[in-house]
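Enquirer: Start from chain P and add chain Y according to the hints.
The primary structure of each chain is shown beneath.
2 protein chains.
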Amino acid sequence: MKRFSVFLEDKLGLTTSQVEDLLLSKQTKTINKGDFLLEQGQICSHSFFVEEGLLRMYALNNDGKEHVVQFSPENWIAGDRGSIYFNEPSNYFIDAIEETTVVFIDQPFLDQLALVSPDFRTKNEFLLHNHIRHQQKRIQLLLGATAEERYLDFIQLYPNLLLRVPQWMIASYLGITPESLSRIRKALADKNFAG
Amino acid sequence: MKRFSVFLEDKLGLTTSQVEDLLLSKQTKTINKGDFLLEQGQICSHSFFVEEGLLRMYALNNDGKEHVVQFSPENWIAGDRGSIYFNEPSNYFIDAIEETTVVFIDQPFLDQLALVSPDFRTKNEFLLHNHIRHQQKRIQLLLGATAEERYLDFIQLYPNLLLRVPQWMIASYLGITPESLSRIRKALADKNFAG
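Those sequence lines, one after another, are chains P and Y. Residue numbers for the first sequence follow my numbering, so the first one is 74 and each next one is one higher. Residue numbers for the second sequence follow my numbering, so the first one is 74 and each next one is one higher.
FYI, nobody ran anything at the bench for these hints, they're computed from the structure. Some hints could be false.
Just so you know, same-sequence chains aren't split out, so a pair can sit in one copy or run between any two.
Below, computed lysine-lysine pairings styled on DSSO-like, alpha-carbon distance capped at 30 angstroms [unchecked claim]:
| no. | residue 1 | residue 2 |
| --- | --- | --- |
| 1 | 196 | 264 |
| 2 | 264 | 106 |
| 3 | 264 | 102 |
| 4 | 99 | 84 |
| 5 | 264 | 138 |
| 6 | 196 | 210 |
| 7 | 106 | 138 |
| 8 | 102 | 210 |
| 9 | 99 | 138 |
| 10 | 196 | 84 |
Just so it is clear, the structure is predicted and the values come from calculations on it, not from any experiment.
Chain P on its own, in the form it takes in the complex (with noise of 0.2 angstroms):
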């Protein structure tokens, strides 16, 4: 858990010795490509932080097509807060795009961090606040961005996974359709910017 230990450190707050307590219990899970850790309808109780590899978070619109709302890469936490904190069935599926190490984080597991941590309640606010504001940013673009501008974006909040996730699910991450993806993609490298 090298990832998830350093994230504990540099992101809430927590020192070494800490951490190895804590973790002392934990364990990681390894689902292989195409596995699913949350399904539609579902209660999702834990959220998972991504040690290695790759999950997609996605829902399913009417029409039976698929909306990826999130990727979450290595030192990413997905999860569904309507589910976790609201109890709610679950109206999203987070897969494995490839074979992915997870920690699962319940809320026990969170209230001992803000225990032996006095930082860790502001420090997790901030990184609240943070996931906000990104969603923020990804509403506006959707709102009033180029699918152009909105790819440009995805290349700088993802820089590391233009090459990991298949084409078709960029393109649904962004809102269009392949073609259009690949259309963009042609004019900006004809533009010498992007390969």
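Expert: Then chain Y, alone, in the frame of chain P:
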């Protein structure tokens, strides 16, 4: 500050006497319709609790077109977290659609709340998760729902705004043209569903 007092008691777990003490030195500010609380390029140093009235938060895209990110009627909070917590010049405008009375909220006030109420941080985290959940749903709808589905969701989220917000602003929030909105409203009226 009647609504703000109730908010602090009901949503953030403070007692009536704690609220009375805390609000002794707080004042409200009333701004006119069309006035700004935040303009693009400024640092946003406060959040704004809406005691009475209606705020709009929007961004301009490259063509100078407005895109509504959020409406904030009574009991909602408006503010640009990217600017408040990360000290970045804001990308957003916040203005008043009606004459609006707000309570200014800053970090020292939040720290005070955390000091007097042991439940505050947990309850505040809950509100943040709820906000993330709503944004996630909005992203999902922008990606995968029809304009009609988005309009019905808008009515559900903001039941009392239909008559308070001009149609073109609702269209801007939904990411569609005013003409499309007008068609959707007509189709729904024909179905005897909404006015």
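Enquirer: Does each hint fit the structure? Answer for all of them.
Expert: Evaluation of the provided hints:
no.	hint	in the structure
1	196 with 264	neither (41 angstroms within a copy, 50 angstroms between copies)
2	264 with 106	neither (35 angstroms within a copy, 45 angstroms between copies)
3	264 with 102	neither (43 angstroms within a copy, 50 angstroms between copies)
4	99 with 84	within (19 angstroms within a copy, 33 angstroms between copies)
5	264 with 138	between (32 angstroms within a copy, 26 angstroms between copies)
6	196 with 210	both (21 angstroms within a copy, 25 angstroms between copies)
7	106 with 138	within (20 angstroms within a copy, 42 angstroms between copies)
8	102 with 210	between (32 angstroms within a copy, 28 angstroms between copies)
9	99 with 138	neither (36 angstroms within a copy, 50 angstroms between copies)
10	196 with 84	both (7 angstroms within a copy, 21 angstroms between copies)
The earlier numbered hints that this structure contradicts are 1, 2, 3 and 9.
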